[in-house]
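Take a look at the letters that make up each chain.
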Amino acid sequence: MTGDKNMMRLLLLGYLFMATGCGTGVMLVTKHSDLVDKDLRKNIRVVSIEPDVNLTKGFGSDAEMELSKSYLKEAELTKLIKEAGEACQFEMEVVDHNQADLDADYFNNLAPLKQEMMLAFFTQFDKLKDSKTSGSGRLGIKQETELLDWGAELQQLYTGLPEKYGTPYFSFQGIYRVSKSLFFINIICDLEMGEVVFSDLRMLSNQPSASNLYPLVYDSFNLFKKAG
Amino acid sequence: MTGARHIVFWVFLACSCVLNAQSVFTPTQNKGDVPESFLRDEMDQTAADLSNRKADDLSRKQGQELYANSNFALASFMRSGVVYFGDDYSEYVQKVFEEIRRSNPKLSDDLEIFVTRIWKPNATSWRNGSLFINLGLLSLLENEAQLAFVICHEIAHYEEEHSVRSFRYDVTLKRKKENRLLKKRLTEGEAMFMNLQYSRQNEAEADLEGYKYFKNTGYDLAEAGNALAKLGDIKKDQFSAFLEIEAFLGKDEKKLKEFYKDYVDGIAKGGSRDEEGIDTLFSTHPDIESRIKKLNIGSGTGTGKKYIVGQTTFLELKNRAWYDMVFALYRAHEYEQCFYQCMRLLQEDEGNAYLEATALNSLYWILYKVEKQGQQFEFGAEDYEDIGYNKFLYTLDGLCGDSTALRDFSGLVCKATSKPERNDELYFAWCRLNYLANDDTRYFGKYLQKYPRGMYAQYCEKRDNHDRR
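Listed in order, the protein sequences are those of chains A and B. Here our numbering is used: position 65 in the first sequence is 65, and no number is missing along the way. Here our numbering is used: position 258 in the second sequence is 258, and no number is missing along the way.
Derived from the structure by calculation, the hints contain no laboratory data. A hint or two may mislead.
[Said to hold, decoys possible] With a Cα cut of at most 27 Å, we get these calculated DSS-like pairs of lysine-lysine:
#1 A:K57 <-> B:K176
#2 A:K57 <-> B:K174
#3 A:K69 <-> B:K54
#4 B:K54 <-> B:K174
#5 B:K31 <-> A:K164
#6 A:K69 <-> A:K79
#7 A:K57 <-> B:K31
#8 A:K225 <-> A:K79
#9 B:K174 <-> A:K180
[Claimed, not checked] Reference listing, derived: stretches of chain B covered by chain A, where coverage requires no fewer than 3 residues with Cβ under 8 Å from a Cβ of chain A:
#10 33-42
#11 71-80
From the three backbone atoms N, C-alpha and C, an ideal C-beta is built for every residue, glycine too.
Based on the provided sequences and hints, a complete structural model is requested.
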């Protein structure tokens with residue numbers, strides 16, 4: 001019944017093992033190469049769809065405690081995304097059930113788009129080219145930047161959304177536990193291009209809290225701004 | 001005789017109208033206000049469940065585990081966009097459900113029913129009384145009475161508290177597996193088989209209890225057995241229907257001729273697996289014949305109605321469900337199966353622009369994966385567990401390694417009608433496909449002559465604007 005959700009987790013799991021297994025680092029940022037060496041991207045509108053936090057270790061007897069923690073962190077992350085995005089001079093719209101009741105458009109378009117972003121990104125990711133390593137990250141973790149000569153292509157089912165929301169940029173952020181590690185992910189797509197244009201995947205060294213999540217989310221959006 | 005001809009004529013006319021209506025098919029959308037069940041807070045619900053917990057039912061710790069897991073999973077499912085609301089499917093299924101409730105006034109008030117976009121032919125019942133009917137099941141059932149029986153079966157799962165009982169049984173098995181004080185602990189395999197056996201017992205019980213609810217309604221009781229028989233056919237037939245591939249073929253595609261021959265041979269040898277013994281052993285459900293037998297339907301029961309809410313609505317929705325399922329398959333990236341269903345539906349609805357465009361779009365993504373990622377779709381036998389063995393899907397998978405064969409394949413749908421230029425989306429999909437197969441100029445040139453301001457032109461314009469920004 002939760003097949004789609006489980007599929008996402010499986011894809012994420014598979015991908016993360018691939019990323020960590022190759023020993024290239026724990027942070028991976030991908031940008032569409034078309035976007036490099038252009039002006040800074042700022043004052044644009046970005047729609048963030050239903051951030052996810054899942055800290056559970058499985059379906060064990062501590063489920064309630066872990067799920068409750070995830071629930072509280074999810075509300076926290078939602079708030080931080082808006083604040084950090086705006087601090088990077090983006091106009092942020094976070095569509096999330098913690099912020100306001102969801103409407104029919106969310107169920108018809110945004111929820112499927114979120115799934116599409118994840119599916120497209122994780123199933124098309126393994127063809128990266130022209131990669132370069134940008135050295136140690138500002139947050140004290142090793143990071144690697146990958147430049148793609150093409151972005152993960154999305155289905156042509158969501159072309160009406162840019163007009164409706166006044167922006168081609170739609171994004172998804174989440175924190176997931178994979179094995180013993182926690183990861184933060186930020187995927188941004190451009191629906192006019194029909195591609196994933198930016199993605200950022202980082203391993204968290206500590207349990208997520210407001211104080212350590214904010215710089216992380218800010219840094220991620222800042223990279224997107226500079227990628228523009 | 002004249003009367004019979006009239007009937008045939010009107011039936012033909014009605015079918016044509018329904019099918020023609022699908023040529024301009026737009027996927028079913030949710031409408032109106034979002035129901036409260038979609039917005040229910042999982043934390044509040046878990047707290048409420050814990051405070052209402054019966055002391056002799058579950059320990060607090062077990063309650064915390066069961067309620068939290070099920071409420072969070074349900075909330076995530078409801079927010080995933082796969083459950084319909086405010087649409088024609090939901091409205092119709094709700095009416096059938098109300099009919100059952102009217103005949104069975106003692107049913108719990110917590111029961112709610114929904115339709116999902118999921119293509120797998122299944123229905124499910126959750127701990128809190130939420131019942132889900134998948135689109136894939138709706139498209140396969142033959143009449144309203146069969147749908148009513150399926151709903152009764154799911155109601156029985158809830159009323160008999162099967163999810164709570166299964167959870168408790170699972171906890172017991174876990175103890176027997178992990179308790180070091182026991183002389184003989186259960187192995188993983190033993191626990192799995194015991195779990196499956198318990199699940200089959202629950203299914204058998206849901207059949208019998210569901211049949212009791214069904215008996216109280218005015219529906220034809222024989223349809224309970226027919227519904228089960230239909231469910232039994234699913235595994236063998238859902239993706240093994242005979243395709244008139246030759247009707248889509250041109251003269252030059254040798255590989256496709258071979259493909260077709262291979263496919264026909266596969267069907268002739270019996271396209272479905274004949275491993276019922278093994279299937280039954282690993283199945284969560286008992287075998288269909290024994291399920292029907294246990295219902296003890298008897299003779300003289302075919303006096304009830306096949307339809308109470310409405311025959312026309314049921315048939316319209318059943319037909320529409322196939323098209324919505326094609327959309328759901330495409331959206332879920334199930335491209336081979338989407339392509340297969342498009343081809344199958346095109347046999348009945350030749351020239352349907354939506355199906356042709358979706359078939360081509362599916363082929364585009366199949367080829368995209370080969371071209372851009374140098375990968376074939378790699379499916380093992382286990383991927384086909386739910387859909388049955390299918391020669392067509394295996395062969396299509398094999399063709400993915402050969403881009404020439406796939407390019408030939410791309411011409412299938414358009415050659416069948418010889419009029420690709422009549423529809424922008426269809427032509428656009430065909431061009432994209434040929435673009436991937438490195439033969440872009442000829443088709444794009446023709447396309448742009450026909451549609452200078454069409455989808456491709458708009459796409460280019462957006463790209464240019466984007467680059468300028």
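> Can you list which hints this structure breaks, lowest number first?
Replying inline: Hint check: 7 fails alone, others pass.
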